[in-house]
Structure formats: structure tokens, C-alpha cells
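So the chains spell out like this:
Protein chains: 2
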Amino acid sequence: MSFRFVLPALLLAVSLPGHAQAPVPPAPNGIPLPADYRNWRVIAVSQRTDNNTLRVITGNDIAVEAARAGRTNPWPEGAVLGKVVWKLDKDPLWQPAIVPGEVVHIEFMARDSKKYAATGNWGYSRWLGASLKPHGKDAGFAQECFGCHTVAKGKDYVFTRPAPMP
Amino acid sequence: MSFRFVLPALLLAVSLPGHAQAPVPPAPNGIPLPADYRNWRVIAVSQRTDNNTLRVITGNDIAVEAARAGRTNPWPEGAVLGKVVWKLDKDPLWQPAIVPGEVVHIEFMARDSKKYAATGNWGYSRWLGASLKPHGKDAGFAQECFGCHTVAKGKDYVFTRPAPMP
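Protein chains in written order, with numbering that gives the first Met the number 0: chain A, 0 to 165; chain B, 0 to 165.
What the hints contain is simulated information worked out from the structure, not anything from laboratory work. Don't take each hint at face value.
Same chains, same names: a pair is fine if it fits in one copy or spans any two.
Once the Cα atoms are required to be at most 20 angstroms apart in a straight line, the calculated SDA-like pairs of lysine to any residue come out as [to be verified]: (1) Lys86 with His134; (2) Lys152 with Leu92; (3) Lys113 with Val103; (4) Lys152 with Pro95; (5) Lys86 with Asn51; (6) Lys152 with Pro91; (7) Lys152 with Asn38; (8) Lys114 with Gly139; (9) Lys89 with Thr52; (10) Lys152 with Gln142.
When you get a sec, could you build the whole thing from the sequences and use the hints?
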């Protein structure tokens, strides 16, 4: 096999995984989906009885180290908090247990006091459902997030309190 | 300063972190606390309404890779599932949100079909509260865990269903 056949075959093989899964579009404010969010460590969990969801709150390394050291008011520059939100389901083997159903959305808060001064120094992003459709029609969607988080202004706009992990 | 003074000082400095925190005793069946469990990745979360607790279920690398690939019946040898169990608390800034309170216990299931054939091929361990006191008076405590997990025999004794993370 000559070189001019081997090189294209090699390029095809290398690029196949990228083609197999369509890239996720960024949020309307330009924030991209953090590529490795599935590998982030746990900061807390929660259940919301007002919209019947279970959540896990994770963070990138900067956020997790800050959470464990108690440096969360303010959180450090570069910290990103992530959240996966699931509908409620029942464990068929243990009826009183509430477990994750389908994904409602995944969402993130990224600390950058230069870029996101207008929304409390946090850049917001959210992707909907299993297909990860970007949330929001335009960059203005972040005002909706910020509006709700204003209640937590005294905690640097973050509701999450890092859960103890002894 | 002569060498005979420098060496002991160096050894003291290196060993100080070990002295600062008392080592956690192993479970009565000899299973040690996984040193890095706080860094494990998320497999699922749950809430139990029968004992009012919130939980995060994590795993070592073998367990997380198996969960993501759907290889969970049986789980592979070497997989370890971890769980942190918290009392329920309310978010003072968002009353309908249930968030982690104090730690009830942390617990683990370790897959080893040679060592733990008598308890469904899983080795159980649990440490109580913030002080991580080993649970159980003797190695027989695992029969209590196994007894309850027998309900999940058709799922390789594991209640947890890995939660979708798109």
C-alpha cells in the first residue's frame, strides 16, 4: 500500500469518533459545554420538591479544591460549577427510594469577573435533555439565571453548600 | 548542622501530615477505607424516604467505566461502589430544596468473587459519621448488608442504576 492511501485512511480512523457524535453547540452567550464534565468530582446533591427533580452538583478542579478548603465567598476565578438535573423515578426494588429518571438538563456557572461582571461575575450556561440542546434564544437568557440567583447574593450567588465528605 | 540532625528532621517533616490526622481503622472484615474515595466520579444519586437521607453513589475507575459501558450485570472484578449518606437539611435560601445535612455514614461494595463469594461476590464496608468509626462488631456485620441486598440479586446485588449523564 502506498503512502497516498495510508495517510487518508489514518486520518479517517482518527476522525471517526468525532463524526460518530455530533458536536454540542455552545450556549447562546458563547459558553461551550465543558468537555469533561462527566469526570468532575462531587460537591453536593439536592432534591427540589418545587419541580420534582434530583440533582448532583460537581465542579472543575478549581471549584472542588475551593469547596474543600472553604474558599467559596467569593469562589476563585476559573471555578466552574456543574449540575445534572434528573426527573424523579422510583427504585422498583426499593419503593421508598427516589432515584434519577431521565435528564432534564445540565447547567454550569463559570467564574470570570471580567467577562461576566454584568451577571454577578458568573457566566451561565444550560443544555436541555439527552440531546443537549442549548437553552436560550439569545445571550439574554443569562439574565433569567442571574435573576433567580440574586437571592443568594450573600453567598456569591451560589445556592450550593458543599456537602461534608469525611 | 550535621547529617545526623538533618535526616531525623527531614523524616519528621515528611511524616507530619500522617500524624496530624489519625488513620481510619479498617472495617471488621479487614476492608480498608478507600483512600481517594472523595475523588471518585458520580454514578447516581438517591433519596430514601424511609430513613430520610440523601445519597451520592460514586465508583472507582473500574466501576465508573463499567457503569458507562453498561457492563453492570455482572459488574467487573475490581469494581468498587461508594456511597455518602447525609441527613436531610433545607436550603435556607430556597425552602423547597432538600440538601445534605450531616454525614450519616459512608459505605462501599467491592467486587471480588474469590474473597467475597459468601456474600454475593461483594465485600461490604461502612464507616459511621464524621469520625468514620468502622461499622460492625465483627466480620459478621456483612451478613446484614448482604441480607438486604438479596432483593437485588437479579441485578448482581446492586440497587443503583447508573444515572444518565449525556
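Can you name, in rising order, the numbers of the hints this structure does not satisfy?
3, 7
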